[in-house]
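Asker: Listed below, chain by chain, are the residues.
There are 2 protein chains.
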Amino acid sequence: MNPKINFTPGPSQLYFTVEDHVRTAFRDGIPSISHRSKQYESIYKKAVDGLRALLGLPANYHVLFTGSANEIWERVIQNLVEEKSLHYVNGSFSKRFFEIAQLLNKKPEKIEASMGQGFNISDIVHPGIELVGITHNETSSGVSVPLEFIYSLREQYPDALLAVDAVSSLPYPDFDYSKIDSAFFSVQKGFGLPAGLGVWLVNDKCIAKAEQLLSKGISIGSYHSIPSLYTHAVKNQNPETPNVLGIYLLAQVVEDMVRRGITAIRKETEYKAALLYQALESHGTLKPFVQDKAFQSKTVIVADCGDHTENITKLLQSKGMQPGDGYGSFKKSQLRFANFPTHSKEQYELLVDTLAG
Amino acid sequence: MNPKINFTPGPSQLYFTVEDHVRTAFRDGIPSISHRSKQYESIYKKAVDGLRALLGLPANYHVLFTGSANEIWERVIQNLVEEKSLHYVNGSFSKRFFEIAQLLNKKPEKIEASMGQGFNISDIVHPGIELVGITHNETSSGVSVPLEFIYSLREQYPDALLAVDAVSSLPYPDFDYSKIDSAFFSVQKGFGLPAGLGVWLVNDKCIAKAEQLLSKGISIGSYHSIPSLYTHAVKNQNPETPNVLGIYLLAQVVEDMVRRGITAIRKETEYKAALLYQALESHGTLKPFVQDKAFQSKTVIVADCGDHTENITKLLQSKGMQPGDGYGSFKKSQLRFANFPTHSKEQYELLVDTLAG
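So the protein lines, in turn, are chains C and V. The first sequence begins at 1 in UniProt numbering and counts up by one. The second sequence begins at 1 in UniProt numbering and counts up by one.
Note that these hints are calculated values from the structure, not bench results. Each hint should be verified, as a subset may be incorrect.
Pairs count within a copy or across copies, as identical chains cannot be separated in the list.
Computed list of lysine-lysine pairs in BS3-like fashion (alpha-carbon distance at most 30 Å, straight line) [what the hints assert, rightly or not]:
| # | residue 1 | residue 2 |
| --- | --- | --- |
| 1 | Lys4 | Lys95 |
| 2 | Lys107 | Lys267 |
| 3 | Lys95 | Lys216 |
| 4 | Lys4 | Lys235 |
| 5 | Lys319 | Lys235 |
| 6 | Lys110 | Lys84 |
| 7 | Lys293 | Lys45 |
| 8 | Lys332 | Lys235 |
| 9 | Lys332 | Lys287 |
| 10 | Lys293 | Lys95 |
| 11 | Lys293 | Lys216 |
| 12 | Lys331 | Lys205 |
| 13 | Lys319 | Lys332 |
| 14 | Lys331 | Lys38 |
| 15 | Lys84 | Lys107 |
| 16 | Lys84 | Lys216 |
| 17 | Lys179 | Lys319 |
| 18 | Lys4 | Lys84 |
| 19 | Lys179 | Lys331 |
| 20 | Lys205 | Lys293 |
| 21 | Lys45 | Lys235 |
| 22 | Lys314 | Lys216 |
| 23 | Lys205 | Lys110 |
| 24 | Lys110 | Lys216 |
| 25 | Lys4 | Lys179 |
| 26 | Lys107 | Lys38 |
| 27 | Lys216 | Lys106 |
| 28 | Lys345 | Lys216 |
| 29 | Lys179 | Lys84 |
| 30 | Lys38 | Lys319 |
No experiment lies behind these values; they were computed from the predicted model shown.
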């Protein structure tokens with residue numbers, strides 16, 4: 001009911017069907033149903049089956065729910081690392097994943113690139129790595145790591161698990177899930193849902209690793225350890241009273257996306273991204289922050305606006321559009337534009353027409 | 001919009017104002033606002049200030065938000081116990097609190113009573129206890145521990161922190177917060193809100209203890225450690241993208257409760273509890289599961305129904321009322337009735353009239 005077109009990269013503009021689903025949820029008493037009821041189990045199953053269909057998850061993958069993607073960073077380290085993880089760090093969120101491993105008293109290592117930069121395949125292999133963590137899409141800088149680079153890490157670290165932070169990219173990327181071991185996201189970005197739910201995809205190797213740590217007497221947490229989450233997941237349940245409304249809304253929106261077709265969603269994402277990058281390239285004063293096209297994110301597009309940041313913001317606001325601020329120290333010189341499935345072609349056309357002024 | 005009167009003890013019937021607040025939230029675009037914006041900070045502050053007023057929290061208490069009360073069990077142990085906690089166990093939920101300490105590789109001890117029983121003050125003092133955990137209201141059995149008993153633990157364990165699980169009792173109990181150190185609840189019970197948010201009240205001693213563990217090199221978690229939660233709380237923010245809609249709805253419902261008056265809410269709770277216990281005492285075939293009046297919960301009332309469980313359930317359902325099942329092995333012989341602020345006197349009168357049939 002909010003008239004503004006919201007391009008902030010998270011929490012995002014709601015997926016356009018969410019309000020209808022919320023009305024139905026309250027009409028049907030969903031927020032009060034027991035999380036141990038058959039009715040809840042069928043909602044849970046619908047969300048999981050929908051995600052399997054939308055993302056093309058293989059049978060050896062399992063869908064687990066947490067309170068946030070922030071929690072998943074912690075649970076990944078707790079459940080999948082005895083001592084040493086390796087983190088590719090090129091912005092605030094990938095850095096945070098590394099820091100969480102430090103806070104959990106592991107001995108993480110990192111490979112760093114500057115804000116706005118991607119990574120090149122390296123010949124140097126760090127020894128003793130149990131898990132490689134990489135952020136597919138840095139929400140802070142608009143850098144996206146090519147899928148081929150992610151898959152190359154599996155070849156470099158064949159004995160490590162490969163965990164992909166896909167917080168601000170899914171459902172756009174067409175991951176080959178056989179070449180990674182885990183991916184995760186929070187629902188308030190690409191899925192356009194109210195915040196308060198993290199979705200964690202893990203394969204059988206992750207379950208085995210968590211059980212191996214447990215058998216060594218290492219604490220892997222309690223209610224949200226992988227074995228606890230998995231034991232409940234096979235019954236379409238959660239260990240705790242979960243965000244029932246959030247899981248219901250996810251099930252509904254994923255159904256809408258499956259109906260629309262993931263191929264159409266991906267093509268439209270690419271079309272809208274091309275429109276905006278083209279507008280930024282040809283603009284007199286703006287330019288894409290990420291210069292190397294190989295690393296330009298399709299889902300979070302960052303514009304260098306310099307001294308024009310405030311003016312551009314006002315211009316867009318005057319047309320009912322809200323850009324996202326630049327992240328951290330770039331707050332006054334950059335703007336960020338989410339390009340999620342809820343953003344229509346017409347909204348992107350209005351955006352680029354207004355920028356072209 | 002669901003016509004049924006829902007007496008299940010959690011998720012509970014929604015507080016009667018929630019649906020209106022949800023409509024307003026979506027109209028105002030609350031689910032899409034940035035959790036780093038001034039607008040969000042004012043929502044956060046309203047929730048915290050409201051809880052301070054409603055519960056009468058002293059200045060040395062702080063309000064922290066998590067994903068669930070289940071998470072708070074884990075964070076209590078992780079942040080406040082180096083080695084040894086003591087747990088009073090008299091049902092499924094108090095037992096779970098103890099087990100979580102075991103899963104986190106601490107060395108918890110326990111004092112047990114049977115399902116349906118309370119505790120007596122004991123002369124035996126367990127040595128080396130850093131934290132005493134007690135469940136004020138056992139949702140599984142309908143046993144409530146008298147406040148005087150809780151306060152007596154502070155005298156027995158003057159050097160330990162005292163953490164009270166008040167999941168299914170708050171806002172009813174009028175705790176003397178100077179005699180405990182922490183209390184916590186989840187919003188889908190007494191506050192009548194959609195599940196997906198835990199509220200953790202901690203005093204300055206809890207902050208100091210967490211910092212002490214941290215300075216010893218012990219991991220107290222990452223984004224949801226007490227120091228991380230507290231550092232953000234003083235700025236009216238969360239470490240992660242939180243359940244923004246949940247915190248907004250909490251702020252609104254707490255405001256409604258403050259307006260109604262906590263004294264009126266407490267008196268009404270006692271009136272409704274007296275009605276139902278009276279009906280059970282005088283009933284031909286039903287009786288209260290908790291026989292000792294000193295331990296009878298005011299907020300979760302459990303009836304022994306024996307072979308009549310199914311018939312009573314059908315009778316209530318025929319009048320539009322949904323009782324809660326008995327917990328675990330009592331599923332076929334007991335019914336549970338939540339007596340929360342959202343349950344009106346008229347609903348309770350209909351309940352007892354129907355039972356008296």
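Asker: Hint by hint, where does the structure go against what was stated? Just the numbers, ascending.
Answerer: Of the numbered hints given earlier, those the structure breaks are 1, 2, 5, 7, 11, 12, 17, 18, 19, 20, 22, 25, 26 and 28, listed in rising order.
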